[in-house]
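> Spelled out from the first residue to the last, the chains are:
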Amino acid sequence: MQKEKEEILLPLLIREIQHAIENSAVIRRYFEKQQFHPEDIQSVADVLFMPVQMFKYFDLKTCPQEDVVKTLKSSGTTTSVQSRVPLDKATVMNQIKALQTILASYLGSKRRIFLVIDHEGINNPALEFTARTAGVRGLSIYAKQTFYLLKEEPDGNLVLNLPVIREIQEKYADQEVYVFGFTYIIWTVFYQQMKEASFTLKLRNPTVFHSGGWKKLKSQSVSKEYFNAQIGELLGCDTEHILDFYGMAEQTGIIFPDCPYGNKHVPVFADVIIRDPYTLQECKTLETGMIEVMSVLSTSYYCQAILTEDTGYIVGIDDCPCGRKGKYFRFASRIEKAELRGCGDTFKEKKNV
Amino acid sequence: MYKCYLSEGSFAEKDVVDLNAIVDRLNIARADLYRLPLPVIIEFLSKLGKRIILDGSKFQKEGISYIGMWLRKQNLEEICRINYTNLDITDQYVEIKPHVQMMAQPRGIICHWIAANIPSLGIFSLVLGLLSKNASLVKIPPENVDLVCWILKKLQDISVTWDAAEYSGNILVKTIALVSFPGKDVGLSSAFSSVADCRIIYGGGEAIASISRIPTRETCETIIYGPKYSFGIFDQDFIESKDMEQAVSRCVSDVVTFNQMACSSPHVYFFEKSKKSLREIGEMFAAAFAGVPDALLHQETPTAIIAGIINKRAYYLLSQEKDAIFPQHAGWTILLDRTVSLEEPVFGKTVFLKEVESLDPVAACVTRKVQAITLCITDEEKRRTYAKQLAYNGADRIVLPGTSNEYDQPWDGILSLSRMVRWTIIKENKRSKSC
Numbered sequence: 001m002q003k004e005k006e007e008i009l010l011p012l013l014i015r016e017i018q019h020a021i022e023n024s025a026v027i028r029r030y031f032e033k034q035q036f037h038p039e040d041i042q043s044v045a046d047v048l049f050m051p052v053q054m055f056k057y058f059d060l061k062t063c064p065q066e067d068v069v070k071t072l073k074s075s076g077t078t079t080s081v082q083s084r085v086p087l088d089k090a091t092v093m094n095q096i097k098a099l100q101t102i103l104a105s106y107l108g109s110k111r112r113i114f115l116v117i118d119h120e121g122i123n124n125p126a127l128e129f130t131a132r133t134a135g136v137r138g139l140s141i142y143a144k145q146t147f148y149l150l151k152e153e154p155d156g157n158l159v160l161n162l163p164v165i166r167e168i169q170e171k172y173a174d175q176e177v178y179v180f181g182f183t184y185i186i187w188t189v190f191y192q193q194m195k196e197a198s199f200t201l202k203l204r205n206p207t208v209f210h211s212g213g214w215k216k217l218k219s220q221s222v223s224k225e226y227f228n229a230q231i232g233e234l235l236g237c238d239t240e241h242i243l244d245f246y247g248m249a250e251q252t253g254i255i256f257p258d259c260p261y262g263n264k265h266v267p268v269f270a271d272v273i274i275r276d277p278y279t280l281q282e283c284k285t286l287e288t289g290m291i292e293v294m295s296v297l298s299t300s301y302y303c304q305a306i307l308t309e310d311t312g313y314i315v316g317i318d319d320c321p322c323g324r325k326g327k328y329f330r331f332a333s334r335i336e337k338a339e340l341r342g343c344g345d346t347f348k349e350k351k352n353v
Numbered sequence: 354m355y356k357c358y359l360s361e362g363s364f365a366e367k368d369v370v371d372l373n374a375i376v377d378r379l380n381i382a383r384a385d386l387y388r389l390p391l392p393v394i395i396e397f398l399s400k401l402g403k404r405i406i407l408d409g410s411k412f413q414k415e416g417i418s419y420i421g422m423w424l425r426k427q428n429l430e431e432i433c434r435i436n437y438t439n440l441d442i443t444d445q446y447v448e449i450k451p452h453v454q455m456m457a458q459p460r461g462i463i464c465h466w467i468a469a470n471i472p473s474l475g476i477f478s479l480v481l482g483l484l485s486k487n488a489s490l491v492k493i494p495p496e497n498v499d500l501v502c503w504i505l506k507k508l509q510d511i512s513v514t515w516d517a518a519e520y521s522g523n524i525l526v527k528t529i530a531l532v533s534f535p536g537k538d539v540g541l542s543s544a545f546s547s548v549a550d551c552r553i554i555y556g557g558g559e560a561i562a563s564i565s566r567i568p569t570r571e572t573c574e575t576i577i578y579g580p581k582y583s584f585g586i587f588d589q590d591f592i593e594s595k596d597m598e599q600a601v602s603r604c605v606s607d608v609v610t611f612n613q614m615a616c617s618s619p620h621v622y623f624f625e626k627s628k629k630s631l632r633e634i635g636e637m638f639a640a641a642f643a644g645v646p647d648a649l650l651h652q653e654t655p656t657a658i659i660a661g662i663i664n665k666r667a668y669y670l671l672s673q674e675k676d677a678i679f680p681q682h683a684g685w686t687i688l689l690d691r692t693v694s695l696e697e698p699v700f701g702k703t704v705f706l707k708e709v710e711s712l713d714p715v716a717a718c719v720t721r722k723v724q725a726i727t728l729c730i731t732d733e734e735k736r737r738t739y740a741k742q743l744a745y746n747g748a749d750r751i752v753l754p755g756t757s758n759e760y761d762q763p764w765d766g767i768l769s770l771s772r773m774v775r776w777t778i779i780k781e782n783k784r785s786k787s788c
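Here the protein sequences come in this chain order: A and B.
At position 271 of the first sequence the residue is numbered 271 (the numbering used here), and the sequence of numbers has no breaks.
Take the position in the second sequence, starting the count at 1, then add 353; the result is the number in the numbering used here.
Calculated directly from the structure, the hints in this document are not laboratory data.
Yeah, the Cβ is synthetic: ideal placement off N, Cα and C, and Gly gets one too.
Keep in mind that the hints are not guaranteed to be accurate.
A few chain A residues facing chain B, derived, Cβ under 10 Å [claimed, not checked]:
| hint | residue |
| --- | --- |
| 1 | L280 |
| 2 | C283 |
| 3 | T311 |
Next comes chain B alone, as it looks inside the complex (with noise of 0.2 Å):
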């Protein structure tokens, strides 16, 4: 059975054998979304990412405000344009060269596997659905329900005027149902994944790997947002600037954000040799850390995560190349050695810090599991020419300090909207159009 959180815009729990009334009602509502011109959806978002951040405050911890930054009408545009060249594709069609019109035509219906590892995952996986005019049925974990709903909410009450016409945003939320199931249970993973148009599947190695197994119809995408590992290379030109010590702060609010579950989210940082040592360095990120208010400092952490952080701090304490530096609480960790290698990640705000002689070995330990990379290198040049090595050999973004957890387009190499819609064309007839 799934529990229904919402569905046709109404907010009641309830109990759900079935998954095919719901599915009607979001064929139904997607026809009126998809009526609506791309700019009034935009600034539908918009709004709502203003009402956001002026009543934001419940969800401190979920990093609500910075989904309201996340929704402004610019970024949203540019979001658009990344994806789509055009920004009146998904409305009309669009020439692309003499005779031949594209437009982007929503898949249909999108089912989301959302992770939750990040509370507010739901949201920005919704949007997208919203942007490409689709119908979206979200596997939202419980947990994160409430949230999601609050947000959902307010978009409700808003209204846009547009050429003289009042849209409520009704019309936006009847085309979204959240549900929750057990991801175990193959006969309602089965049905969850046989009314997708598009599938988008967030989540680590296993859940991506076993969602990807559930048959799915022949015409459905599926995008898969799968394990990620981020980190930090800082040369030492950078290192011994006076940029270091704002760059340092704003590594530690990457760390911070997201409680460092995200697959944005810094483990390691490697640092070139040079004047300032690794001590110095981990003493400017403890302090960096100390500054961190409390809130986001001290989050939940499980029990086994704590255990792994004191066992790592233990280990570090323990052997002779490599040290630590910590408070008394469990809230953050720093160890320092000079093993050029990517960590497997302890989390809990935990980071590595790594002096080289050089940046060339590092870039050889980049995979295609790697995301973010936090590059600081002074020289624009050379930080170009080493920013291609280290993405030819897998990394996704090279990123600046304070925006590893950006949620930008493309993400994970993927531009999602891209593909969220079907690209259609018309063919003109020639004769007519000279005539």
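Chain A extracted, bound-state conformation (with noise of 0.2 Å):
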């Protein structure tokens, strides 16, 4: 239940913040200037946010640089410069192994087939790591083999890596398998080709998780309904088995996938604040506002409150049908650049002394 998880995170976040606030010069003055002392934490509400953005800007590590093991880079959507993430090997370890028990609850906990719609070289560790990385990364913790449906042509163009999609319907057809794929590229490549080549995917009612975004979709008329019916009918499997899932690179461990009520449910390592973009308090169930996540999973960065640039809402506590406790909510959009009009819109025309 939400109020006994928060009994337990409580002191788990005020504990870690300290942590931070010992380890990192950065995150003391955040808070030494905000003259707000841990301890003063009474809820979870309560703990001092970090804007999403900052990851870009400041190196938000709170453990001894020898003690980083992999630093995660990700390029945003709104600008060219790269968050980076530090990660020790506690908190690789955690990120795992909260994985795992998100996705034990969706995939149970055999070893599946895992087909990533996207190709190969979105994984290759020299490259950047990027959203779409995270999340192959991410799921292929349940994967006993991993096929990626697509390949990358030299002029960067996705198309149907066609021997491997026939291979899976071949051999793999009658086995449990799962399937991750970025919602847009899942839509724009993978169905408008098949559908274009004829083809469909027999398999045996998999699993497919999917993230991204709808913003592309939504310009294109598509509806999740109509995403969900589309692609269940070309992989063969129910449309409750398609689950949009919310995450990202700076809380990795987590994501939210939908449950079979459409709702997205925050796991016991993590919480979710949703405040008004205003006042930044918390809003009430039903109320849209900023998305914030909060999690207990890093030892070596400040991950303990996240405030994003996403709106959602509350939709209920400890009550989803689906039978899942705890808070769950739903993802409304992103939040867009403000578009400025007349005469005091910015100023371009700089001059730095």
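Given two chains presented individually in distinct reference frames, assemble the corresponding complex, making use of the accompanying hints.
Now the structure itself:
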């Protein structure tokens, strides 16, 4: 239940924040300038949030540099500056365990064939770590074998990887399979090209995870229902097995897939606060605000409260018909760049002295 | 298709395919306006101002009381005097040198492209149209129609008696047509532009660029009020003077007015190093913001702007050499640092306060995109010398705290009325005069 979870989560959050303040001059400064003391935190909503954009401009590491085993770098959608997320061994392990727990709730505990609707290069460790990479790597922990259903042409275009698709149909159609892809790639590349080629992949009711937003699909007037129906037919699965999930590189280890009732559930090691954009106070149930994702997974960076640039709303607490407990919410939209009009719009001709 | 909110003195909303009928009626109506002496027009407008002040509570946030004040007879006469030099010049020929007389003739139909950032902008622009005896075809943002129509209905009800003749406000209102249409519709925009004898374009960079490219008549005058930036400068003496507290309060008023969306809204204040620390000055601003009435302080702000505010606050808190002061809500934000730069505006009543060793490098920041500079220098001679430098570098207006948003003439470096008329002359026969 949410109340009991918060009772467990709160002391953990406070302890981790104290650790962050002790180990990071940047985080210490952030708290000191706001005259904020972790011991004053009375509820999870009291925790000072860090805007997600700050991962682009500051080293938010909270562990010694020598403990960092990996730094996730991801490009945002709004600027070309990369976010940097430093991970120590304990954090990596926590993230894997967390993801396993979440996925087990949707896939069970058995390893399966993993089909990626993307090209193999997306998982190349030498290349940039994007949200697509994070999705593939994160979800691959349940894979006994991974296949990439697309390939990248020399000009950068994605096309069907037909030999692999044929191999899947011939050898693995009756096996337990799960699928991951970015929503717009599934629709604009995979679905469109499969349709043009009159192919279908008749699999054994696979679970399809997809992520990455609906903006591009909405502009083509593709609703979530239509998307689910078409992809379900193409891959041979029930529409409730098509799970749109929400997540971000800065909170790797936590994903929020849709339950059969279309709600996103908050796992035990995390919380979600919806903040009114103006008052910055916690919104009431069904009020839309900015999504803040809290977690206790990291000892290597400030993950305890990250304010995203997405909006959503809490649907309810502890009473989703799917049976999962805790808060459940829905994603509403990304916050788009402000469209300013009039004589006061941005100052582009600047001289620095 | 155009949506028309006002034409021929009727406020009935209707769809219009072709502007020609509206233009024909405007041309008839402007002949009546032309015959009105300028003092009569000014009398109408000053009466309107008084009515607005008495009954404007509905539009407090939109700056209605300022419109009422701006429509004072004395102010309108001043605007005309600055632009025309002589107040008779729109009514009759006025001698400018021996045997040569000059008269300002209206250009005809002014097409106004009104930006949405300032709700009352349409009214200011329309008044200039009336003072130059032109008819006005206005592309108005639909969200501002209520305010503009509310004011024009008041004008319609006013009557003025002059030289024993009574005139109705409808003569003025009939010279105005309000329409809206999608600016991206090339056909509608081109047709709108093609009927203009004068175009007044208000807008951001993109809007100005695209509207300026729309073809128009060879004889058409185009007046552009593009994107501009405003800020303030304080010298040491002023900061340490007794005037400082009131000046800060007035600066905050400048920031709050128009929800910091105007080109005259300050975004940055520079402070020469003084006995007062930057933090102390920041606290003075914070106290002034805290005293702003809720209706003005808590105005609708897009979520994207708030996200920008949240990011800037965090950036300044995380940076070593910077600091931030703000309340729990996103209503106002003060950002403190020592970088000499005109920062990209964040909006939402966000001000950058900067301490500088000397004021010289600040003048070097000024470009032609700078509109108003609130200049607080105690020594008047020093202030004028520095102001000349700022103006040479590009600033249009050097103002005092609390006056940044006053809609002065010239504005953006332009004497608008003088460009809304054609300057015509008549030469007299020297011999006949001497006889």
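> Work down the list of hints and note, for each, if the structure agrees.
Going through the hints against the structure:
1. L280: holds (6 Å)
2. C283: Since the shortest Cβ distance to chain B is 13 Å, the answer is violated.
3. T311: holds (7 Å)
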